Structures are given as C-alpha cells and as structure tokens.
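Q: Sequence:
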Amino acid sequence: MHFTGNQYVKVDDKVGFAEHYCRAFHRTKRVGDGPATDWVVNIRYVDRLEKRNGEWRIADRMVVFDSERIDPVATSSAPLSNAQFGRRDRSDPSYKYDVVD
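Residues in the sequence shown are numbered from 5 upward in steps of one, following my numbering.
The hints are simulated quantities; they were obtained by calculation from the structure and are not laboratory data. Here the structure is a predicted model, which means the values were calculated and not measured. One or more of the hints may lead you astray.
Each pair of labels, with its calculated beta carbon distance range [what the hints assert, rightly or not]:
id: 1; residue 1: Val67; residue 2: Arg91; range: 27 to 33 Å
id: 2; residue 1: Ser95; residue 2: Arg31; range: 26 to 32 Å
id: 3; residue 1: Val44; residue 2: Asp96; range: 20 to 26 Å
id: 4; residue 1: His6; residue 2: Arg61; range: 19 to 25 Å
id: 5; residue 1: Arg61; residue 2: Tyr12; range: 15 to 21 Å
id: 6; residue 1: Asp96; residue 2: Glu54; range: 21 to 27 Å
We treat Cβ as the ideally placed atom computed from N, Cα and C, and that holds for glycine.
Construct all of the structure, not just a fragment, from the sequences and the given hints.
A: Shown next as structure tokens:
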C-alpha cells in the first residue's frame, strides 16, 4: 500500500521536474519461526517530465529511499470479529456496490 503526500512540480515550457513524497507499507510472510513483519519505507519519486503531443508524460523516474523500518507483527493482535478483510478478487467488499460489470 502506498500513500503519496507532499508534491512539488516545476514546469519550464515543455520540460518539468516533480518530486512526490510517499510512505509505503509492505506486509511480509513469516519465515521459519520468525513473525510476519511490516516493512515501512519513506520514499520520494523524483521525475523528469516532458510534454509530448500536447500531453505531459514521465520521461524518467528515480525512486529515492529516505528511511525505513521493520516492525514485527504481533501474533496476539486479532481483528474485530465483524471486520471485513480485503481480498484480491471480485469477492472484495469494494465490489458490493459496484454498478459496472
């Protein structure tokens, strides 16, 4: 899961520069007897932009890692009994109200 925050964009005619701050969360699986972990990174997307045929496009992107941490996932933490869990198919709760098939 990635969340973008502050953004800086500078444009000069048909070339631009953009920098976007992002926090990314990654849940890892257990390895052996170790716990699952959450790898949390603070990154920046540093982009060079170009206007081509009237449309802005990313011409080059660099991902810059600013900081990271790894947190063990407590095995005793349990969600509420009525919690909805996300799924990676059409049984995900987001499809409940989907009117477009």
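Q: Taking the hints in turn, state whether each one holds.
A: A quick look at each hint next to the structure:
One distance hint, 27 to 33 Å for the beta-carbon pair Val67 and Arg91, holds here, with the actual separation near 28 Å. Distance hint check for Ser95 and Arg31: the Cβ-Cβ separation is about 20 Å, which falls outside the suggested range of 26 to 32 Å. Distance hint check for Val44 and Asp96: the Cβ-Cβ separation is about 23 Å, which falls inside the suggested range of 20 to 26 Å. For His6 paired with Arg61, a C-beta distance near 20 Å keeps the hint of 19 to 25 Å intact.
Range check, Arg61 to Tyr12: about 18 Å between beta-carbon atoms, so the 15 to 21 Å window is met. Against the hinted window of 21 to 27 Å, the Cβ-Cβ separation of Asp96 and Glu54 comes to about 36 Å, which falls outside the hint.
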